[in-house]
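Enquirer: These are the residues of each chain, in order.
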Amino acid sequence: MSPISSHSMERNSDRPKPAWLIAILFAVAMIFSTGVAADPVKLLFFVSKPTKDYLEVLHTIQQDLDDKFPSKYHAAVQFVSDQTAYDNQIAAANLIVTIGTAAADTAYQYKPNVPIISVLITDSSFASMASKHYGSIDQALANRVSAICIDQPTSRSIDLAKLLLPGAKKLGMMLGPSSTNLQPELTTMISDKGMDSEFVVIAPSDNPIVKIEPVMRESDIFIPVPDNRLINIATAKWILHLSYRHKVPVIAFSRSYLSAGALAAIYSSPENVAMQTSEWIADRATSPSGAGGAYQPKYFSIHFNYSVAASLNIPLKTEQFYRERL
Amino acid sequence: MSVVPIIMTTRAGRLLQLSPMLLVASQVLSADLPDVQHQRVLTEVDFLVEIPPVSGPTHMDQTLAQTPASVTRIDRATIQASAAVGLIDLFRLVPGFQTYFVDGSRMGVTYHALGDEYPRRLEVKVDGRSVYESLFSAVDWSTIGVTLDDIETIEIVRGANVAADGSNAFLASINIVTRSPLLDSGWMVESQLGSGDIRNARVAYTGTHGPLSHRTTLSFRSNDGFDDVIFRGQPISVDDSSKNSSATFKGLWTPTASDSVEFQVGLSDSDLGIGEREYFTRKLSYKYQYANWSRLMNSGNALQMSLYHNDLDIVDEVTPLFLSEALGVADTSPYWPLPGLPDKLVIDDRNRAESERWDIELRSILTPLENLRAVTGVALRYDSVKGQELFDTPDPLSETSHRMYTNLEWTRSDRLVINAGLILEHKDSAGSYFSYRFAGNYQLQPEHIFRVALNRSFRSPTLLESRQKQVVRYNEAIILDASVISDSEINNEKLRSIEVGYAGYLFDQKVSLDVRLFREQLTDVINERRSGYPDLDNLVNIRDNTDTLDIDGLEVQAIYKPNQQVLLRAHYSYSDIDGETLYTSSPILEIRDLGVHSLKHGAGVLASYRFDSAITLSAMTSYNSATRHYRGGDAENHTRIDLKATKSWTVDRSSVDISFTVQNAGEPYRDFYQHHQFETHYILGFRVAMP
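These protein sequence lines map, in sequence, to chains U and R. So that you can map any letter, position 73 of the first sequence is 73 in the numbering used here, and since no number is skipped, the others follow by simple counting. So that you can map any letter, position 433 of the second sequence is 433 in the numbering used here, and since no number is skipped, the others follow by simple counting.
Be aware that a few hints might be false.
[What the hints assert, rightly or not] Calculated cross-link-like contacts (lysine-lysine; reagent style DSSO-like; alpha-carbon spacing at most 30 Å):
1) U:Lys-317 x R:Lys-243
2) R:Lys-647 x U:Lys-247
3) R:Lys-561 x U:Lys-247
4) U:Lys-162 x U:Lys-298
[As the list claims (entries may be wrong)] Label pairs and their computed distance ranges (CB to CB):
5) R:Arg-76 x U:Leu-182: 33 to 41 Å
6) R:Asp-552 x U:Pro-214: 53 to 61 Å
7) R:Pro-235 x U:Ala-310: 48 to 56 Å
8) U:Arg-217 x R:Val-688: 20 to 28 Å
9) U:Arg-323 x R:Val-203: 46 to 54 Å
10) R:Val-688 x U:Leu-312: 15 to 23 Å
11) U:Leu-316 x R:Leu-617: 48 to 56 Å
12) U:Leu-182 x R:Leu-193: 52 to 60 Å
By construction, these hints were calculated from the structure, which means they are not laboratory data. A virtual CB, placed ideally from N, CA and C, is assigned to each residue, including glycine.
Bound conformation, chain U alone (with noise of 0.2 Å):
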């Protein structure tokens, strides 16, 4: 035996192989490079009831987490209606999505370590239910709860009024006791749009006809701004009732006002909230740390009767040409 050849055999016994050493190497960039070893973003829904706007909203969101992130997202989904305590599911999970206020006000309550969504919930009632656990909304927010709103800036219905009536010279507008302190900014936004303001506030106690007409008859095109409940559905028909009598256009905040006689409806639809929520969870997954936020819809729906425009003369253009300037 050569003395070359046992200090070979010597070598090869000290040290590793090159070709184990490559394989490792290999598997750990397969691994990094694919994320195959990542478990899924574990998501827990919850949801304040299982009607139909909630249902949809839900549904939306998951199939498009599923459509565009085929199995990053594990979803688990809870009903607030069913009263039960959610202490396991929250540990759970990496992220929670709240669908309606009491959703949220359930979820708020446990204060988890994980990121919050708040979704198909409004500006007052995140503000109120981030005030009840939080302390404040600031607070909410440093504890990485998020909102996406679904209260439509009124703005954007009166910039469709001038759109569709050009020539409109006066707008009036419902408010209710919810919405009575927006006056004066709505002034200033009807004002920079060319057009006198009149306002009428309807209060429960208030006689709804007395307080509307006078107001529908002087306006050339008219804006209920959503309040609570009662008064949406209460001075509804007589606002469409007068509307008729004074051939004074309405544009409406839900379908179902539109069905009921409006000219127009601008509106979240439950599409719209599950469009812009599966987008933030898939933005989220790549900067899961830091604060919260609250956010106005980017998106909205936007409808017209075309029986009411024909009984008022008024020519509509596409829905595009509307959506394009709004």
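We have chain U; now place chain R onto it with these hints.
Expert: Relative to the frame of chain U, chain R by itself:
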């Protein structure tokens, strides 16, 4: 909700009869007091709230997917597009409905069967107030004081709607919703002049008086009825002209955002020529008062209370008749049937009858669970009739009836909605009985709904049906002639029905389609049977449960309305009656077939087009196959075509319409009686609205 025993007869008992109402009201109000503290925080529930359209057959706001019956809606646009001149012309647009003129004054509307001079099995309401008259056991269309311009919508439920509207809605129900005073302002003047001495006029004023919105209407309608004829070689002077004047007032007050109060008063006077071969004058005087209070709760629940009073006075001016004239025998003749007794006046020149109704109803509309809605109500009704000639007594006859009902709508899933309706009724004369409806709606796709419905209904006899004793007397002891006597043990009519329906939209919602396939089994149907009787002609008609019939049918309704200019409505109905009636019970038993009264095929089309020049052309066609009217004559198959052209102008803010209508542009056809031929009529109309 606990149930207080409802069989009470004392005055204190009648007060206690109201206690179920008070209990319902208190529970609804206490469970859901309006939030007098302003709610500052809005939730998504406030934004997503459904704004209700109009209420459906169950008195809930229901979509196509939720409605448990086939419904035909005739809206304002359809009324204006149609060639209708009077209210009953609109029912030619409804599959399965028969409309006819008994004579120039009396109009009949019935649903696929049993339409006689006074069709009885149809509930008709105006703004929730029943206009069904227990004196006729029917609706007198000349008295209800509603013209075409008063109407906002008409909703017709095809099929038994007893569970929601009570036992008169035995075959179908009609709810006429009049226009809200908020929809118009100022004056409207309207007039129609036409052949057949058609003279119609209407003046209406809509305005406000402080917090009250109101509309006042005065109307006058007249025509000279059917023309004189020579029938089977005999001249018949058809004296069936009619004149009607009416005045109505409708007020609306909304004291708070939650509350609305509507009230109506009306009166009408009619002079009608009535008869088949011999005619007499009937004077009708009708008055009503109606009030309805609605309260909306924060949660969307609602409470309604309605109270109404109808009062009808009838005077028939007939040719007075002495017994000798009726018999053609002098009281000195040996053939005089009452030896020793002198001739006397046996039929007065004036026969008078009255009816009165009071009705109070309390209704709650609740959502006790997320997927469960309920309409629950209790009602108390007092009916009184009086008429010597009809009831053989100068004293009034009265009865009190109660009803409690609930209609539940359970949304079992996104696709399946279950409706269940139950009504418990109690009448002094008929005891207690309950009717129910059970329906399932399955939404195959968002715009295609299939429905299966079962109905079990009872219709109790009216005061006229249960207490009629129409006799001509010589004195207290001697009945000269008995015409109609009600059987003392007359029972409720019964109905079982099953239907399969489809309702849906096609072609991007431009076409709506409704199909109904049904079988109805009616038993103990009230009619008259001839029987022996110890009077001068030895015969009397006994009002009794004499008929049994099965009705199988199919109805199809399609509406195409792609835009404001075009309207096309079409319908077809098939119905086959298989049944029999006990025609004579003594001395000889005779049973007759009811199948001859089938209106096997009915069809109709309304086509209307509005040009840019504000000219509207409309054509209404209706076809009826041959039939025999129930207690009337044979009618051949016929097609009726009505045409209308309207031109509209806007002058300042006023609108002016001139119209020309041709009723029955084709050949004359026989209406209810064979010698009553509906000729072609030409009517010029003028209408101006000055806001």
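Enquirer: Against each hint, give a clear statement of whether it holds in the structure.
Expert: Outcome of the hint check:
1. U:Lys-317 x R:Lys-243: violated (52 Å)
2. R:Lys-647 x U:Lys-247: Holds, at about 21 Å.
3. R:Lys-561 x U:Lys-247: OK: Lys-561 of chain R and Lys-247 of chain U at ~22 Å, within 30 Å.
4. U:Lys-162 x U:Lys-298: OK: Lys-162 of chain U and Lys-298 of chain U at ~21 Å, within 30 Å.
5. R:Arg-76 x U:Leu-182: 33 to 41 Å: The hinted range 33 to 41 Å holds for Arg-76 of chain R and Leu-182 of chain U, with Cβ atoms some 36 Å apart.
6. R:Asp-552 x U:Pro-214: 53 to 61 Å: At 58 Å between Cβs, range holds.
7. R:Pro-235 x U:Ala-310: 48 to 56 Å: holds (54 Å)
8. U:Arg-217 x R:Val-688: 20 to 28 Å: holds (22 Å)
9. U:Arg-323 x R:Val-203: 46 to 54 Å: Holds: the Cβ-Cβ distance is about 48 Å, inside 46 to 54 Å.
10. R:Val-688 x U:Leu-312: 15 to 23 Å: The hint (15 to 23 Å, Cβ to Cβ) holds, given that Val-688 of chain R and Leu-312 of chain U are roughly 21 Å apart.
11. U:Leu-316 x R:Leu-617: 48 to 56 Å: violated (26 Å)
12. U:Leu-182 x R:Leu-193: 52 to 60 Å: With Cβ atoms ~57 Å apart, the hint holds.
In this structure, the earlier hints numbered 1 and 11 are contradicted, and the remaining ones agree with it.
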